[in-house]
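Asker: Each chain, letter by letter, is given below.
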Amino acid sequence: MIKTIGQISVWLLIGLVVWMGVDMAVRGASGFHFGYLFEAPADMGRSGGIATILVSTALIVTLAVVLAVLFSLPAAIIYTEFQRDTRFWRLMHIILDIGVGAPRIVWGLFGGVLFVGYFNLGFSILSGIITLACLLAPILVTGFIVGLQATDPALRKQCVALGLTRWSTLWNQVLPAARPSLIATAVLATGRGCGDAAALLFTAGVATTLPTSLYDSGATLAVFVFHLLTVIPGGQTAAYTAAAVLFVIMLAIQWMITAANGKGRFAH
Amino acid sequence: MLASLAAVPPLMVVLLGMYLVVCSISALLQIPVAELFAVQWQPSGDSYGVLLLLTGTVTVTLMALVLTLLIGLSTSLYLTLYARPKMLQVANTALGTLGSLPSVVIGLWAMTWVVPLFGNSLSSAAITAALMIVPTFTLLCISALKQVPANLDENVRALGCSDRIRALVILQHARQGVIRALVLAASRALGEAVAIYLVAGNIAQWPELFGPIATLTTTLIGELDVATGAHRGALHILALLIMLLITLVSLFCRPKLIRKRT
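These protein sequences, in sequence, are chains S and X. Residue numbers for the first sequence follow the working numbering, so the first one is 1 and each next one is one higher. Residue numbers for the second sequence follow the working numbering, so the first one is 269 and each next one is one higher.
Misleading hints may appear alongside valid ones.
[Claimed, not checked] Only pairs whose alpha carbons sit at most 25 Å apart, straight line, appear in this in silico SDA-like list of lysine to any residue:
1) X/Lys354 to X/Ser294
2) S/Lys3 to X/Ile447
3) X/Lys354 to X/Asp431
4) X/Lys414 to X/Asp431
5) S/Lys3 to X/Ile438
6) X/Lys414 to S/Ile14
7) X/Lys354 to S/Leu16
8) X/Lys354 to S/Ile253
Please keep in mind that the hints were generated in silico from the structure rather than gathered at the bench.
Can you build the whole structure from these sequences, using the hints too?
Answerer: Next up, the structure:
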């Protein structure tokens, strides 16, 4: 009984993924043409290519991940080095959990009012980067902490026995040992950033022109798809083609995570 | 230096929370409290009853969770108890792929294949939300079930128990991991905006299986760019409500990051 239901569910899920892939490929192909990846969108995104969108996506996601890592890695290091079972660290843990659970749209609201309005950055790539970095930071911190804690405890003991300082142990031994998992976490965050529409819609805006500075508005691929589906009449065909490209990017990122983890998805 | 950089991520989260609370309080000064409990959400008529939206969010999440439990539990039990390693690998890749898809892609697919069957409705919204959370839930379930000691299963089988008992014993042993996966799935479903917005129909009314529904998140994403004044304030109350719901659910069961030092 359980075996049969399980078998059906498994095939259902596998079929679903294949179905989605084929659906994206078939419907996406109708809008795909030579030079799709190298042309700017025309007619509000209904025709033309997605070159400018790809530029904005790369710019926003890369800078946001770099910015978030810059703050998250120190946070994770301090957490693993100094945390004790005290009230302060329990509070930190709860705060991080809340941060991970905060929906993208709530970050979007926060960034949209604070950075776009209050700090007067406007609908700009810069607002988008900062908002996205805020969204990614808790995810990165949690991932980094897991990675750092998964290193062999014997490593630290050996370093202490050799008389290495805490900093030297960390920099020369622990971080290199944890590197595959740290990289996997960063790539995962890149994927989250590429797929995000809710947080960037109200911060980076929906402009489809080539951004010339960080103060220009620029839509990422996911925002572009969402905009085509909800605002632009007759944008569904073009949305399919863009979504197919997004699908392929996600597959590539997924493959990179598996490769970075090395041991497959059940490593942790 | 390191410490000041490290303080930023938690500070931003605290800032987010404070921002939502402050904005909600200032919104409460503009909107009469009785208005919030009205059974109507109509910003053009100055009615900001959050009750319908709250019910929408909870209904969509609960329905999605039921679907997820059905599919996720049976899949993970089958994969850990019966499937050949090759099958596990294939399913694993499929689940990883499905889980990594952005919500717009899932929403677009649901718009073309689910909406024609069920309309822009609560059912479509629940199915779409389930699609978003099934992969993570199943993967976490599989790793929870894998941690059950092998000799437990061997003993059960040696006693000649039926498949049903076997599954129950193993689930019983892995229940903490399963509950944790379920809580994570619930918090993701509560916060999902884009995919649900595309299929839900977004009309604030009591939940009907085949009628349109609006949730807290879909209202936020649909109305944020046109909202001003009291309407904008009301949206902040919605955001605070989602955060409170998710925080409640996730505090209910948290993975252990803090380890006792040895």
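Asker: Please go over all the hints and tell whether each is borne out by the structure.
Answerer: So, going through the hints one by one against the coordinates:
1. X/Lys354 to X/Ser294: violated, 58 Å
2. S/Lys3 to X/Ile447: holds, 22 Å
3. X/Lys354 to X/Asp431: holds, 22 Å
4. X/Lys414 to X/Asp431: holds, 17 Å
5. S/Lys3 to X/Ile438: holds, 14 Å
6. X/Lys414 to S/Ile14: holds, 21 Å
7. X/Lys354 to S/Leu16: holds, 19 Å
8. X/Lys354 to S/Ile253: The hint holds at about 23 Å.
Checked against the numbered hints listed earlier, the structure breaks hint 1 alone; every other hint is satisfied.
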